[in-house]
Amino acid sequence: MEFKPQIIAFLCKWCSYTGADLAGTSRIKYGSRVRNIRVLCSGRIEPTFVLQAFKKGADGVLICGCHPGDCHYQEGNYRCLRRYMLLQHYIQQMGIEKDRLKLEWISASEGKQFADLVDAFTERIKELGPTRIPAAIESYS
Amino acid sequence: MVMETKKTKLNLAIYWGAACGGCCVSVLDVHELLFDVVAAADLVFWPIALDTKYKDVEMMPDGFIDLALYNGAVRNSENEHIAKLLRKKSKILVAYGSCSHLGGIPGLANLSSKEALFSRVYEETESTVNPLKVRPVPEYEVPEGNLEIPVFYNDVRALKDVVDVDFFIPGCPPQTERLVEVFMAIANSRPLPPKGSVIGAGEKAQCDDCSRKKTENKKISRFYRPWEVEDDGVTCFMEQGVICMGPATRSGCGHRCINGNSPCRGCYGPTADAIDPGAKMMSAIASVIDEKDPEGIEQVLEGLVDPAGTFYRFSLPSAIIRRNIK
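Heads up: the protein sequence lines correspond to chains B and V, in order. For the first sequence, my numbering assigns the number 819 to the initial residue and increments by one for each residue that follows. For the second sequence, my numbering assigns the number 4 to the initial residue and increments by one for each residue that follows.
Isolated chain B, as found in the complex:
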């Protein structure tokens, strides 16, 4: 059976979610394995969100926010970037492949870029294969 990855995307309301919306209204086709979650700002995305997504079986987690300098709240996307980079160090220590977590900036006008990003990310997750995280942490040995 073909592997159908579960991808969770956290999108900031002001730019990236609007960008994803634009992809939809422009009828651009993109990978259907992504579940978009709208947050007020990429600075709202706590490491806990990402780790919970992985724990509950996400094969990949995508984070999108406004381009640097464009944050509706001025600083949020920089916070997001720092958290993301710190999380990258952490998840690799825990044996999780770094490519399972990705951060990209998507503006409200970048519907096409969002679609391409989802397609490329889905491809990469397919290469990595199904997540081992739930199986590794559910039962004790």
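Don't take every hint at face value.
[What the hints assert, rightly or not] Simulated pairs of lysine-lysine, DSSO-like, Cα-Cα distance not exceeding 27 Å: (1) Lys163/V to Lys874/B; (2) Lys920/B to Lys329/V; (3) Lys916/B to Lys831/B.
[Stated by the list, open to error] Quick list of simulated restraints, FRET-style, between CB atoms: (4) Gly842/B to Tyr125/V: 21 to 27 Å; (5) Thr128/V to Gln911/B: 47 to 53 Å; (6) Gly66/V to Tyr958/B: 23 to 29 Å.
[Claimed, not checked] Derived list of chain B stretches under chain V, where covered just means 3 residues or more per stretch with a C-beta under 8 Å from a C-beta of chain V: (7) 833-841; (8) 859-866; (9) 869-879; (10) 932-943; (11) 948-958.
What the hints contain is simulated information worked out from the structure, not anything from laboratory work. Think of the CB as a built atom: it goes at the ideal place given N, C-alpha and C, for glycine as much as any other residue.
Fit chain V to the given chain B structure using the hints.
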């Protein structure tokens, strides 16, 4: 403090699982109050101090022990057996100390695996001479009979992951005054908090009642190890660039480390509203880094040599991602 009069004596049990012994010593730190404790309770099981055998505990009727303090993590089959035994024999089972509460320092072994630990310890260390690659086995036949040692598990677990726990007293070790308060409450049949509560600690973060001077403008352009900084004894550690787990750690310890001019290491575990202590800390730390471009941020993060070990020092087995998944 004088013990209030009480008709019957309590049966008290204390056990150590995968522990360093510090929790048992913290019980002795009640000093002369120990006489009040002994006046109110019979110590029926305490391996560090008494020669009670496991079979003596097995022979006790169920619920015979009024209060059992289990310190240490669950690392092997012996720890698990006693955890289950004490659960059965005790009215109140308390996870006492960081290891029992969240997994503690032994829980850091979850960054590795049983196989990796065994090959390091029995084959690779510089001082190991073991040409036959002998490793401990749980059962071994000798002419005199069958020898058994506990089975070493791949995962280190907190007590709550093995048995139902009534209360948690955090700390490495817990502050002894808190233990006395809890003990006296039970001895005098005072109402106890709801089951599953963390007792003998606060609800908020260390920072809320920290005496160090804080400003609103926290910006870190480099992380320092504590020995690299000449601490002025006054300014918030985080503002000096030293990682302090205060923002993500439950209060109630009396700031023993901070008063000793050492940053908080997080032994009291996460605050009441945090799911994952390390994630909370990562969130807080990332907010104060004074860089905006990836290269600059990366340079600051290089000063953080061991994120998992730093942020989950006492809590890895209770984290969202509770072990290295490789």
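Okay, the hints, checked on the actual structure:
1. The straight-line distance between the Cα atoms of lysine 163/V and lysine 874/B is roughly 21 Å, inside the 27 Å bound, and the hint therefore holds.
2. Distance check on the hinted pair: lysine 920/B and lysine 329/V sit about 20 Å apart at the alpha-carbon level, within 27 Å; holds.
3. Between lysine 916/B and lysine 831/B, the direct Cα distance comes to roughly 25 Å. Compliance with the 27 Å bound is thereby established for this hinted pair.
4. Judged by the Cβ atoms, the range 21 to 27 Å given for glycine 842/B and tyrosine 125/V is violated: they are separated by roughly 59 Å.
5. For threonine 128/V and glutamine 911/B, the hinted distance range of 47 to 53 Å is not satisfied, since their beta carbons lie about 22 Å from each other.
6. One distance hint, 23 to 29 Å for the beta-carbon pair glycine 66/V and tyrosine 958/B, holds here, with the actual separation near 27 Å.
7. Restraint check on the segment 833-841 of chain B versus chain V: 0 residues with Cβ-Cβ distances below 8 Å, three needed, restraint violated.
8. With 3 residues bearing a CB less than 8 Å from a CB of chain V, the segment 859-866 of chain B meets the requirement of three and the coverage assertion stands.
9. Given a C-beta distance limit of less than 8 Å, the hint that chain V covers the segment 869-879 of chain B holds, as 4 residues qualify and 3 suffice.
10. Here the segment 932-943 of chain B counts 0 residues with a CB under 8 Å from a CB of chain V, which misses the bar of 3, and the coverage is violated.
11. For the segment 948-958 of chain B, the proposed coverage by chain V is satisfied: 5 residues have a C-beta within less than 8 Å of a C-beta in that chain, meeting the threshold of three.
Hint compliance for this structure: hints 4, 5, 7 and 10 are broken, all remaining hints hold.
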